[in-house]
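Visitor: These are the residues of each chain, in order.
Protein chains: 2
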Amino acid sequence: MSEDELIATIFAPLAGPGGLRLEDDAALLACVPGEELVLTKDLLVAGVHFFADDPPDAIARKALRQNLSDLAAKAAEPKGFLLGLVLPADWQEDWLRVFASGLADDAAHFDIALLGGDTVCTPGPLTVSITALGSVPQGEMVPRGAAKPGDHLFVTGTIGDSALGLKIRQSSEADQAWIGGLETKSQAFLRQRYLLPQPRLGLCAALRAFAHAAMDISDGLAGDLAKMLRVSGVTAEIAIADVPLSAAAQAALAQDPALIETLLSGGDDYEILAAVPPEKTALFEQAAAAAGIPIHCIGIVAAGTNPPVFRDNAGQVLALKLLSYAHF
Amino acid sequence: MSEDELIATIFAPLAGPGGLRLEDDAALLACVPGEELVLTKDLLVAGVHFFADDPPDAIARKALRQNLSDLAAKAAEPKGFLLGLVLPADWQEDWLRVFASGLADDAAHFDIALLGGDTVCTPGPLTVSITALGSVPQGEMVPRGAAKPGDHLFVTGTIGDSALGLKIRQSSEADQAWIGGLETKSQAFLRQRYLLPQPRLGLCAALRAFAHAAMDISDGLAGDLAKMLRVSGVTAEIAIADVPLSAAAQAALAQDPALIETLLSGGDDYEILAAVPPEKTALFEQAAAAAGIPIHCIGIVAAGTNPPVFRDNAGQVLALKLLSYAHF
Numbered sequence: 001m002s003e004d005e006l007i008a009t010i011f012a013p014l015a016g017p018g019g020l021r022l023e024d025d026a027a028l029l030a031c032v033p034g035e036e037l038v039l040t041k042d043l044l045v046a047g048v049h050f051f052a053d054d055p056p057d058a059i060a061r062k063a064l065r066q067n068l069s070d071l072a073a074k075a076a077e078p079k080g081f082l083l084g085l086v087l088p089a090d091w092q093e094d095w096l097r098v099f100a101s102g103l104a105d106d107a108a109h110f111d112i113a114l115l116g117g118d119t120v121c122t123p124g125p126l127t128v129s130i131t132a133l134g135s136v137p138q139g140e141m142v143p144r145g146a147a148k149p150g151d152h153l154f155v156t157g158t159i160g161d162s163a164l165g166l167k168i169r170q171s172s173e174a175d176q177a178w179i180g181g182l183e184t185k186s187q188a189f190l191r192q193r194y195l196l197p198q199p200r201l202g203l204c205a206a207l208r209a210f211a212h213a214a215m216d217i218s219d220g221l222a223g224d225l226a227k228m229l230r231v232s233g234v235t236a237e238i239a240i241a242d243v244p245l246s247a248a249a250q251a252a253l254a255q256d257p258a259l260i261e262t263l264l265s266g267g268d269d270y271e272i273l274a275a276v277p278p279e280k281t282a283l284f285e286q287a288a289a290a291a292g293i294p295i296h297c298i299g300i301v302a303a304g305t306n307p308p309v310f311r312d313n314a315g316q317v318l319a320l321k322l323l324s325y326a327h328f
Numbered sequence: 329m330s331e332d333e334l335i336a337t338i339f340a341p342l343a344g345p346g347g348l349r350l351e352d353d354a355a356l357l358a359c360v361p362g363e364e365l366v367l368t369k370d371l372l373v374a375g376v377h378f379f380a381d382d383p384p385d386a387i388a389r390k391a392l393r394q395n396l397s398d399l400a401a402k403a404a405e406p407k408g409f410l411l412g413l414v415l416p417a418d419w420q421e422d423w424l425r426v427f428a429s430g431l432a433d434d435a436a437h438f439d440i441a442l443l444g445g446d447t448v449c450t451p452g453p454l455t456v457s458i459t460a461l462g463s464v465p466q467g468e469m470v471p472r473g474a475a476k477p478g479d480h481l482f483v484t485g486t487i488g489d490s491a492l493g494l495k496i497r498q499s500s501e502a503d504q505a506w507i508g509g510l511e512t513k514s515q516a517f518l519r520q521r522y523l524l525p526q527p528r529l530g531l532c533a534a535l536r537a538f539a540h541a542a543m544d545i546s547d548g549l550a551g552d553l554a555k556m557l558r559v560s561g562v563t564a565e566i567a568i569a570d571v572p573l574s575a576a577a578q579a580a581l582a583q584d585p586a587l588i589e590t591l592l593s594g595g596d597d598y599e600i601l602a603a604v605p606p607e608k609t610a611l612f613e614q615a616a617a618a619a620g621i622p623i624h625c626i627g628i629v630a631a632g633t634n635p636p637v638f639r640d641n642a643g644q645v646l647a648l649k650l651l652s653y654a655h656f
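Going down the list, the sequences are from chains C and P. The opening position of the first sequence corresponds to residue 1 in our numbering, with each subsequent residue numbered one higher. The opening position of the second sequence corresponds to residue 329 in our numbering, with each subsequent residue numbered one higher.
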């Protein structure tokens, strides 16, 4: 199968109107007066950001969802995406068809059309590069760097599941004790959280209406929070007990209390961190509830430029060895 | 150097206003009423699309220019780009600084700002993924698939230089005779044409005003022409003698007449192929001349759906073994 045949038979059916049937040099996107475009790009490398033997549809969906999570954090509605696919020399047509079917399912589910892209071969590992575009009403993108002292810090969902799921996948000797102590369904839940992020696009309207600042938590809560606070020129104290954990993560933590570090600084959460001024927290909570998205307040933004502090129930500061999971 | 330090010190200085100092999750681009956006994405893999030991600034510039060539072919003015950089495990900071300096030079020269991107590491080869955005007045993108019978087919510049430059770089046994017969400066010219494409952005206004269809020639004239004609539902005859060749390519062809196949079907020309209706060819030629871009008419579009035919001076049809250089 040549590159042209591959595009015509496997990817062209996914193309939206601006994709020009993937028959042109480029895609075309109308500018809507009063809107701004939000653009994000993420790269995923097999063996680094996912397992090469993950189901191909899950790889495609994770690649797209990582980008959708960035759009959600900016309160942008998905508009279209470009796919860069770097295939290893031994790629199989069946594998690619399942990859494309996962992408098609998610593109339909999240209402985002394929606009174009490029497909090449590499002597290295499978690499997926997606560029996603979203739109916001002019001036309403929620920035990362505008948290203010007094803002309440909220996170969506639960934190750290995916980092535990990765450890379960890696199954190193050091983790056998707590993994063995978890129920099978808890293990499956955590693995699934690593495999397939849930972009919080339902929160877009609430973020636009009520948040000063937001970002998606992709490299671990501790590190990403530190980034938000640094670019905002503020600091914060986080009550560890207020960080929302899933039942599976609580069970793992009960087996091995040292996992708190993994939960707070592991990556791939794809939850949203948002700073909301105190007078708007009630409205934000109502809007999130109406959208069916669980949120929890984990601390308050304060004046100052020290790195954020994570404090336990006994008032002790947790010294994190690493703030973020570093693929790099 | 961490990913964050790398972005802050090496790439943030290249960011345009919409790049938000590369400190946010995404980039922001205003929609200009009356404009449409044109989007293109190209992937380049070391050892496949360029030589891993090419100068890093040239690699960066080639990656950007390939995308600019796509924008030029659509008559779109450059607006911004996102950079996906997949670094091999042994990447060096010095290498990266030179890469970034080449990118900065070209971004300034072509007036296109860095908006964002992603940087990751791979156990495989260096891979560069650029997504470029351009703009056209609404409805004025020049499509690939709208060539009409009677249109004159023009190409910019000269054809096949880059394919010869690649052969000189590869220096296989079979090519030693004609390479050895070329002057050093001709060899250098052809190598440079492979190393550094010249996107024909100066032709944008002329294409918008006068062309029915256009595309950039990236995979070889024969194959790319066949694509344009196929999606347009037409055919054409090309007079080989009318295909513009550089003095260096003519010298190589004199050494080895079989190189005509390489010239017509080799890749990486990054010239523009345009179909212009007969009543506008004079104006198109004037506009191209005013923009300082050499163009030549190589044939006429005809009704029919046969693949295009390349005919020599004796009236013989040249049977091309491969229409395009296939990296894939």
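Since the hints were derived computationally from the structure, they do not count as laboratory data. Do not rely on the hints blindly, as some may be mistaken.
[Claimed, not checked] What follows is a list of derived Cβ distance ranges for each label pair:
id, chain 1, residue 1, chain 2, residue 2, range
1, P, GLN420, C, GLY34, 40 to 48 Å
2, P, GLU565, C, MET1, 56 to 64 Å
3, C, ASP242, P, PHE379, 40 to 48 Å
4, C, ASP90, P, PRO585, 53 to 61 Å
[Claimed, not checked] Computed list of chain P residues with no C-beta within reach of chain C, every gap over 12 Å:
id, residue
5, PRO416
6, VAL464
7, SER499
Only a predicted model underlies this, so the values are computations on that prediction, with no experimental measurement involved. Glycine included, each C-beta is placed from N, C-alpha and C at the ideal position.
Visitor: Each hint should be assessed against the structure and marked as holding or not.
Guide: Each hint, compared with the structure:
The supplied range of 40 to 48 Å is met by GLN420 of chain P and GLY34 of chain C, whose beta-carbon atoms lie about 46 Å from each other. Take GLU565 of chain P and MET1 of chain C: their Cβ atoms lie about 30 Å apart, and the range 56 to 64 Å is violated. The hinted window of 40 to 48 Å between ASP242 of chain C and PHE379 of chain P is violated, with their beta carbons roughly 54 Å apart. The hinted range of 53 to 61 Å is not satisfied by ASP90 of chain C and PRO585 of chain P, whose Cβ atoms lie roughly 38 Å apart.
For PRO416 of chain P, the condition that its CB be more than 12 Å from all CB atoms of chain C is violated, with the nearest at approximately 8 Å. For VAL464 of chain P, the condition that its CB be more than 12 Å from all CB atoms of chain C is violated, with the nearest at approximately 8 Å. Taking the minimum C-beta to C-beta distance to chain C, about 20 Å, the non-interface status of SER499 of chain P holds against the 12 Å cut.
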